[in-house]
Each structure stands twice: as structure tokens, then as C-alpha cells.
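S.K.: Residue numbers (my numbering), protein chains in the order written: chain A, 51 to 207; chain B, 1148 to 1691; chain C, 5 to 42.
Errors might be hidden in some of the hints.
[As the list claims (entries may be wrong)] The calculated lysine-lysine pairs, modelled on DSS-like cross-linking and capped at a C-alpha distance of 25 Å, are:
#	chain 1	residue 1	chain 2	residue 2
1	C	Lys14	B	Lys1461
2	A	Lys58	B	Lys1238
3	A	Lys58	C	Lys14
By construction, these hints were calculated from the structure, which means they are not laboratory data.
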Amino acid sequence: MHIHRLEKIWLGIGISMLAIFLIVLGTMAFSMGMAPPSQHHHTIDPAKVSETAPFDKPGLIQTGDKRYEAVMVAYAFGYEPAEKLEVPAGSTIDFMVTSSDVVHGFAIVGTNVNMMIEPGEISHVSHTFDKPGEYLLLCNEYCGTGHEYMATTIVVK
Amino acid sequence: MKPFDRKDGKLVLAHLLFAFAALLIGGIAGALQGMVRGGTLTLPANIAYYELLTAHGVLMALIFTTYFIIGFLYSGVSHTLGGQLLPAARKLGWYGYLLMSVGTVIGVVVILLGKASVLYTFYAPMKASPWFYIALALVVVGSWLSGYGVFYQYRKWKKGHAGKLSPLFGYMSVVTMLLWQVATIGVAIEVVVQLIPWSFGWVDRVNVVLSRTLFWYFGHPLVYFWLLPAYICWYVIIPKIIGGRIFSDALARLSFMLFLLFSIPVGFHHQLMEPGISPFWKFTQVVLTFMVIVPSLMTAFSMFATFEMLGRSKGAKGLFGWLKVLPWKDVRFFAPFMGMLIFIPAGAGGIINASDQMNAVVHNTLWVTGHFHLTVATSVALTFFGIVYWLIPAVTGRVLTPAMNRRGIVQTIVWCVGMFLMSGSMHTVGLMGAPRRTAYTTYNDHPDAVLWMPYETAMAIGGIILFAGVLLIVWNVVSLLRAPKGETEYPIGEPADKAEPTPRFLERWGMWLGIAVALILFAYTIPLIDMLNNTVTSPGYVTW
Amino acid sequence: MPKKEEPSLKGAFASVLILGAFILISWLGVFALYLIRN
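Same shape as in the complex, but just chain A (with noise of 0.2 Å):
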């Protein structure tokens, strides 16, 4: 099949892009730690949230200096906890979240903390909060009626 020589390089640039791209995405994503959310799979009964720890207690624990876990619970149409989360700038949190009902979004604007909570499976993600303010922690997947209201925010000094 002939192909023109313009094409064949045009081609060859194309494709060589696209390579660098996924090299630079691969090394990341397996050897700098910037994996996709939820690397380890955990699951849960999801109608057992409330009774299973430790989202029995969901809150803020601190594991080290300047170093958090948030075990969260995403339901329709809020966050447990209910009381916001504060923490020091230049903190890191590991972020421990499940769903008691549906599939819900949880999204940190302003971070790349972007994830889906989905019923039975324990979703993770970390984040280093540099920047003091009050960030705003929403539901981007569409949940029900109350979708639009369901967010809350993370206080940070």
C-alpha cells in the first residue's frame, strides 16, 4: 500500500508525540507516586458503612507531623463528617472515602483531588495543602435531586 512520503512523516510525528506523552504519563504514574486515585483496592459492605470502621467514626486523625487521615462517608446529599475539616498549611491529608448509597463525585477545586466514591469499594487519595484558605470539597457526579448542594469545605490556616 503506498503511502506518501509527507504522510509517512507527518505519521512518524504524530505518533512519536503521542509516545513521549504516554512515556512522560507512564513514568509518573509508576515511578513518582502520581498514580490515578485508588491504587490499592479495599472493598466494603456498603450497607454496612455506619457499622464498619473506621467509618464508624469518620474524622480527621493525625498520623505524624503535619501528616492527616480524613475518613470520610459520601451519601446523598453530604460529607461525614459533618464538621469541616481544619489543618495547618503544608499539611498532607490521606483521604479515606466510601459511599453508604450511590456513586458520588469528591472534588477539592483548585487541586487535582478528583475522585469517584462508589458503594462497596474504599476510595484513596492524598493531598498536600500548601495554601492557607477554605477550599471548596464537592459532588461532581450526579447523585440525585439534592446533587447540587452536596459539598462542604476544608479549612486550611
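Chain A is already provided as a structure; the job is to place chains B and C on it using the hints.
M.R.: Chains B and C alone, transformed into the frame defined by chain A:
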């Protein structure tokens, strides 16, 4: 010039008119949604935003598209594979139409009764009325019958022309419907095996991760089901309309086979932010996704080459002199061309969306909505609109008038202006974090959300302009039905004179299908086994 | 047998290079956003 077969014409027209009726109703829903989000409208209590959104998605992305595509494909199959549909093929076309239409009506009624506000992706464990899922199943099964009609006509043509290369339109139609057949198996299993029994209450719980995976196994090739017919127009029809030749028959066929291979084993790039799928398999399907970009890069070159060769044959000089000799004032070219041009930002956005962890920047934001309004709602839609100006006259024994042509140009420009405003704002405000599929809110006047409002207003204005565009195209379609009688040729392009014969391996259907299936098994087997072994099931909920 | 002359497709080539540049620049833009927000 033999006129288009009358009986076949009725079948084609039935599909086109149903498609535009769906576009109109879906367009009304879309305009209302835009105004709600822009803060300029509050809906009366008994109409929910999410109900409208479900109707908009289903009517635009499933009904308008599927009906138009099947009508268009049947027209080309009739014209190029024998000049007339065989009785069995025509019957399959009508049975498919009937089944799909019954499904559509049931589905729309159930949605407007508020029993299926689950959006067109109907993610479990939100549980709609079983009649919603039954309606979807009827549409899908109906479309299978339509596909079998295309396959049947093609096979008979091949038997009657042993050893000959099949006509390009017919070949591409078979690839399209084959892709559809393989892709819809996933959603059919999800709907029939998982969701219908569960929504009837015969089964208590549903495996959510599995249902989403089955959906997106279907959901990605769905967009190629939309794109490939637009590519048929660009490859086969446009060269004839502009007075040029098909740049390379072989490369056109190769690009379609590459779509068959690489459109399906890639669903995970819609699930990159989800739990329950390992980063390894997410990345593997990202790599496969990037491979499906290649046939589009080939298509871009073919299109520009076709235009340049036409230009040079007319004496155009310089790097871009050929731009001047293209028939800009002919809506049959202009509308699809705008579709091609807009596919540049559309496709670029798609590459960004599929980029593994980078998807976190855009997932579930209005950027995604902006993206698919460029791809399906502009590149594909404008191409389909452009087709109508010769297809309706061809199948009804009429001719396009200069006045209708001018109105078509106007409609195309209106669409582009509205879309630039709406999709441009969506892309921008999406990067600022504004969520998609969300009714009007400022999250208690949070400063970040307040900053989104000017863009959402621009979106609303764009949406109203687009709605004007919907009214214009519907008016044009109606006018075409009353156009003056005459003969319109069905425009099928011919390959360039010096083109080499097309290699026969491109028609070894068994081989290509085999490779496609092997890739699907490679990309999905281990993750699916993991899901079946390790996931937990969930009860259903009605949260609206 | 004389070699068949390839048609001049410099304009097509230039056009796809522009398309390629568009893809590259938009991808890098979002990539930069990703890195900044990380």
C-alpha cells in the same frame, strides 16, 4: 441517472425525520437547562432539572444519532450495493425502526414521568423504573436488526461480485455496524442481566463496578459509532461534492479497520478516577486509546490532501492557495467542513481527557461537557446537517434551491457562533473546577463558585443561540420535504486516477474481527475476573 | 519503469503540522495545570 429507489427512500426518510424530531425535543430540554444553570430561569416545581438532563442526553446522544446514522447508512448501502435494498434487508430496516421507536417512546414517557432521572449513563445503584431499562434494551435490539440488514445486503453483493473490491460506502457501513454490534454487547449484558432483574426486584443487589465497566466498554465505541458515519461523509461524499477525488481508497479502509480494532478495548479511560481498577490496567487501556488517535491523524491528512489536490488541479498555487477554490458557499461542503475544522480542538481535548492521571484536572467538570459538544454536537452534527441538503432531495425526488442553501449556510454559522460561546465557556469554567451534570448553585456563595457565574451566563447565551440553530435546521428539513421536484444525484466520490489497487487483506473480515476480539480479551479479561472475585454488591436507591 | 511522481502535498503537510502543534500546546497547557495543582 437512476432515481433513488422509492421504497428505500421511505425507510431512509423515516429515520431522518425521527432523528430531527428527537433533536427538537432534546434541544428544548437543552435550552432550558442552559438557562437554569445561567441563573436566568427557575423551572416550575414539577419539572426537575435532572429529568430534563436525562431527556436531553438520551434524545441527543442516543436517539438523534442512532436514527440519523442508520438512515444515512441505509441510503448509501441501497445506492452503492446494488441500487436497491433486497427485500430482506429492507424488512430488517423496518423491523429495527419499529423496535427502536417503541423503545424510544416508552423511554421518553418514563423519563418525563420522573421515574428515570438517572441521566443517559444510568449509573447503578441509582435505580430507575424497569421500563426505562426495557426501553433501552428495545432500542439496542432494534439497532441490531438494522445492522443485520446492512450485513445481509453486503454479503449478497460480495457473492454476486466475486473477487471484486466492495464499494467504499458499503464497506465503511459494515465496519460501522460491526463496531456497534460488538460494542453494544457490553451494555446489553449490563441492562438485561444486571439492571432489569434488579429493578424489578427479582434480585436485591447489583455489582456497581461491573455495571460501570460494562457500560463504558460500550460507551467509548459509542462515540466512534457516531464519528465513523461522519467520516464516511468526509471520505466518500465530500470529494464528489467539491468536484475532486478520493485521496486514497486503501488508506480510508485501513483507517476504518484501525477504528474497529482500537475503539473498544479502551473503556477504562472513562473510569480513570474510579476505585476497583488497578493503575496498571488503567494505563494499558490508555495506551490502547492513544492508538485509536492514529486513524484520525490519517484522516486529517487525507482530508487536507483531497482539498489540496483539487486546488492544484484548478491551478491554485502556494501552500494554502487551495483554500480559495473550495466551494465555501455550498452548504453541502461548508457544514461538514466546519465539522472537520472543529474536530481539531475536539480531538485535542479528547487526548487530554484520556491522559491517565492528568484526567484529574478535567474529570466530571464542565470541560468534559464542552468537549463532547464539540465532537458529537458539532463535528458529527454539522456533518449530518450538511448531508441532509442532498440526501433528502435525493431520496424524495427533489432538488435543493439556492434559498435553502443560503439558509443552510446561515444555520451553520449560527451553530458555530453558539457553540463557540457555549463550549468555549464550558472548557474554561471546567478548568476552574465547575462540575458538570449539576443544577444551578453557587455552593453557598463560595468565592470559587461565584467566579464561575459569568461563564455559566455565557453558556446560557450560547445555548439559546444553539437552540435557534436547532429551530433553523428543523425548518430547513421541513422545507426540503417541500422542495421543488427534480433529480438529485447521490454524490459518491471516485478514487484519484493514479491510485494503486486496494490490498485485499483489508477485506478479510474474519481476520480483523479476530484481532479486535483478541484486543478486547487482552484489555478486559484480567480486570473483569478481578471485579467478579473482589467487588461487593450494593442495594438500589431512588434519590430523586 | 519510470517512477510515479508523487503529487505535491506541502499544503496538507503544513496543515497537519498546525493541527499537531495545537494538540501539543493544549496538552502541555493542561499538563502544566496538573503539575501546578499537585
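S.K.: Against this structure, judge whether each hint is valid.
M.R.: Tested hints:
1. C:Lys14 / B:Lys1461: holds (16 Å)
2. A:Lys58 / B:Lys1238: At roughly 45 Å apart (the allowed maximum being 25 Å), lysine 1238 (chain B) and lysine 58 (chain A) break the hint.
3. A:Lys58 / C:Lys14: holds (13 Å)
Hint compliance for this structure: hint 2 is the single one not met.
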